[in-house]
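The task is simple: from the sequences and hints, build the whole structure.
Line by line, the protein sequences are chains A and B.
Quick note, the first sequence lines up with residues 1 to 402 if you use our numbering.
Quick note, the second sequence lines up with residues 1 to 308 if you use our numbering.
The reader is advised that the hints may include incorrect statements.
Claimed, not checked - If you only want the chain A side, here are some residues facing chain B, beta carbon under 10 Å, derived: (1) Ile12; (2) Met22; (3) His154; (4) Glu205; (5) Ile214; (6) Ala216; (7) Ala218; (8) Val219.
Claimed, not checked - Calculated cross-link-like contacts (lysine-lysine; reagent style DSS-like; alpha-carbon spacing at most 25 Å): (9) B:Lys112 <-> B:Lys133; (10) B:Lys91 <-> B:Lys133; (11) B:Lys136 <-> B:Lys112; (12) B:Lys133 <-> A:Lys210; (13) B:Lys91 <-> B:Lys136; (14) B:Lys91 <-> B:Lys130; (15) A:Lys91 <-> B:Lys133; (16) A:Lys210 <-> B:Lys30; (17) B:Lys112 <-> B:Lys130; (18) B:Lys91 <-> B:Lys112; (19) A:Lys210 <-> B:Lys91.
Think of the hints as simulated: they come from the structure by calculation, not from any bench.
Ideal Cβ positions, reconstructed from N, Cα and C, are used throughout, including at glycine.
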Amino acid sequence: MMPRFLRHALTIARRDLTATVMTPTFLLFLLSPLLMIGFGIIGGLSGQAAGAAGEARQVLVAIVPAGQQDSLRAADRELRSVFSRDSARPKLQLEAPQGDAARQARALFDSDAIEAAAVLYGPLDHPMILRRAGAEAEGRYLAALATQALRAAHAPGVRSTARFETIAVQAPTVSGRGQAAYFSTFAIFLVTLMLSGQAVGAMAEERSNKVIEILAAAVPLESVFFGKLLGAFGSALLFVAFWGTLVANLPKLMPAGMAGALSDLSVAVGPIFPLLLIGYFVMAYLLQSAVFLGVGSLASTQREIQMLSLPITIFQFAMFGMASYAAGNPESWVATAAEIVPFSSPMAMAARAANAPELWPHALAFAWQGLWVAITLTIAARLFRRGVLKSGSPKRRKKAAV
Amino acid sequence: MQQLAVSASGLVKRFGDRRAVDGVGIAVPKGLIYGVLGPNGAGKTTTLRMLLGIIEPDEGERILLGSRHPRDMSDQVGYLPEERGLYPNMKCREAIAFMGALRGLPWATGRKRAQALLENAGLGHAADDKIRKLSKGMAQLVQLLGSVVHEPDLLVLDEPFSGLDPVNQERLELLIRGQRDRGATILFSTHVMAHAERLCERISVIAGGRVRFEGTVDEARALLPLRARYTPHHDADAIGTMLPGDAAREGGSWRFTVPDGGIEALLVRLIDAGHGISGLSIERPGLHDAFVRIVGAEALADQPETIA
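This is how it looks when you write it as structure tokens:
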């Protein structure tokens, strides 16, 4: 059964792929992202928002005896007025020393509860400041705070000399994960948004060519639909491969600092992440295209198809909205919902891959999403058979008669 | 007992309240050219589509090439739908190979056969032309070639002659006979009697969603009495009184239905009366007349229903 089904599907897919790729319009389509720079800017802005959200979680910690906390807090209040909203340093958090202050400070970097950018401990005139890689400014800010606090308490001329140490942090940072999660969601959304809309017109083409009767007579409708999906996916894959290669080589062309920042986007599942990302892109594409294929097959004119594109885009945005919220709030019920709702699941699960290390939910998610591709296609084929070919299924009628 | 390529009984298909097909049965022996005749809207296409499993009947059963699930046999079936359609951007050879591939034929074989088929059909020069460049008739031939490229056991053609000029109709008839000689069963629908008369070994006449006649072409024609055309040597009005009641004058000749007892007694009387015979022909009415008679009577009977 399966090889026959597949063979039929591949026959359809092959025709569709060549018919799509071997046209001048495909070139135009391939280069269309150039026209979408506007989209890129919007994406960049949201990316910044995600980055800002990440930084907002970072804190500076000063481990000082209770007596000195007030003066540090006052100095922080004073210095903070210097910064604009964008350049503001992370919030200051004060802790009392408990036993070994050095160990206490180091432990803060491993904590899951907070994300310390820099930690100060020891006497204020000779403090020790630990900081994360890339958090030089945060370290200097803590040193400046110490100096200010000293001057306020003693005399204007006093100086504080701090020693700095950069801490190498092994575990991915929460904010890095958050950014990677958001980035994955957005990437999948953008690519599916651009590509899956193609499927809407696929069946309309068959109907206007009147080839559908030949197809429907020769192969099962499910094969026809799946073949259409694969054909469209083939051209989408070419698109992704083309731009993926460009983007993958981009870090080599970028200034070293920027490239370093990119590699800082760490993910929870580790090196398997790109594979998961590709897998979820495939699922997102197949799922959404299956819906569009089905909806589009019921439309009989070009005009109807154009009318459909708006609700389709809104639907995609809604799914993206859910998934991106899930990316930022991995523990919330919305995240769980987004992971379960089949059409947002690929995006939400890609975000999850960045946020949480377990692998088994991904196996489950792929099976679940695959099931939904099949369900969607079957429903689409049924609707088409009933609505367009005017053929009800005999079994159901018999049951109704009984 | 002769083996059947297609059989069905009690097929019913409703479109809304209308019963487009209302209890059609059919039995197509293997290796025959079988015609389904009927006026427009009689339910021919719906019947064929149900037989092929493109749509499911609301009631009734069908067996196609020995299977109760016609779709399982789709690789052994060729089908030319009533609404012709091909991808306009495909080359002829590719289009034929594609249709073969849909029925399980490897692409390479399909291309090779497509070239040969096109050349046999006199379209060899167009093998690399895109479908959109072809005339309607040529595109239709290409589609027909596509439906036989995988050498099916059963070939179903829905109104294959419509839209073709006489030369291409002739080509199509040749092609159909060629398929029959190869061993295929051909089932086709038409409302043009001339083709059915020349090609079909058996026919079914469908009208108003029901089968009105089943049998050979000769049996259909035998439903009507023989007609005679008599040209007297010496014409006179009196001849009319000697001939059967339906006699009508046509120029110097008379046309009438041959009486039940034969024409000999009548001829003796005509010669004795001195009218003489300068011309005489006796012939069966064509399938056309038989069809009109079969369908016409039923159509009249159905009329109140359709008006209501």
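Okay, the hints, checked on the actual structure:
A distance limit of 10 Å between C-beta atoms decides the matter here; for isoleucine 12 (chain A) the minimum to chain B is near 8 Å, and the interface restraint holds. For methionine 22 (chain A), the interface hint holds, since its Cβ comes within 10 Å of a Cβ in chain B; the closest pair sits about 8 Å apart. For histidine 154 (chain A), the interface hint is violated, the least distance from its beta-carbon to any beta-carbon of chain B being 86 Å, above 10 Å. A distance limit of 10 Å between C-beta atoms decides the matter here; for glutamate 205 (chain A) the minimum to chain B is near 9 Å, and the interface restraint holds.
For the restraint placing isoleucine 214 (chain A) at the interface with chain B, the shortest Cβ-Cβ distance is roughly 6 Å, inside the 10 Å limit, so the hint holds. Checking alanine 216 (chain A) against chain B by beta carbon gives a least distance of about 5 Å; that is within 10 Å, so the hint holds. With a cut of 10 Å, the hint placing alanine 218 (chain A) at the interface with chain B holds, because the nearest CB-to-CB distance is about 4 Å. For valine 219 (chain A), the suggested interface contact is upheld, since its CB lies about 6 Å from the closest CB of chain B, less than 10 Å.
Between lysine 112 (chain B) and lysine 133 (chain B) the CA atoms are separated by roughly 22 Å; this keeps the pair inside 25 Å, and the hint holds. Between lysine 91 (chain B) and lysine 133 (chain B), the direct Cα distance comes to roughly 10 Å. Compliance with the 25 Å bound is thereby established for this hinted pair. Proximity of lysine 136 (chain B) to lysine 112 (chain B) is assessed by CA-CA distance (about 24 Å); at most 25 Å being required, the pair is judged to hold. Taking the CA atoms of lysine 133 (chain B) and lysine 210 (chain A), the gap is near 17 Å; set against the 25 Å cutoff, the hint holds.
Straight-line distance between C-alpha atoms of lysine 91 (chain B) and lysine 136 (chain B) comes to about 15 Å, which keeps the hinted pair within the 25 Å bound. For the suggested pair lysine 91 (chain B) and lysine 130 (chain B), the alpha carbons sit about 4 Å apart, so the restraint of at most 25 Å is met. Distance hint between lysine 91 (chain A) and lysine 133 (chain B) is unfulfilled; the C-alpha atoms sit about 73 Å from each other, more than 25 Å. At roughly 30 Å between alpha-carbon atoms, lysine 210 (chain A) and lysine 30 (chain B) are farther apart than 25 Å, so this suggested pair is violated.
A threshold of 25 Å between alpha carbons decides the hint, and for lysine 112 (chain B) with lysine 130 (chain B) the separation of about 17 Å falls inside it, so the pair holds. For the hint linking lysine 91 (chain B) to lysine 112 (chain B), the alpha-carbon distance of about 14 Å falls within 25 Å, and the restraint holds. Distance restraint check for lysine 210 (chain A) and lysine 91 (chain B): the Cα-Cα separation of roughly 17 Å lies within the 25 Å cut-off, and the hinted pair is therefore satisfied.
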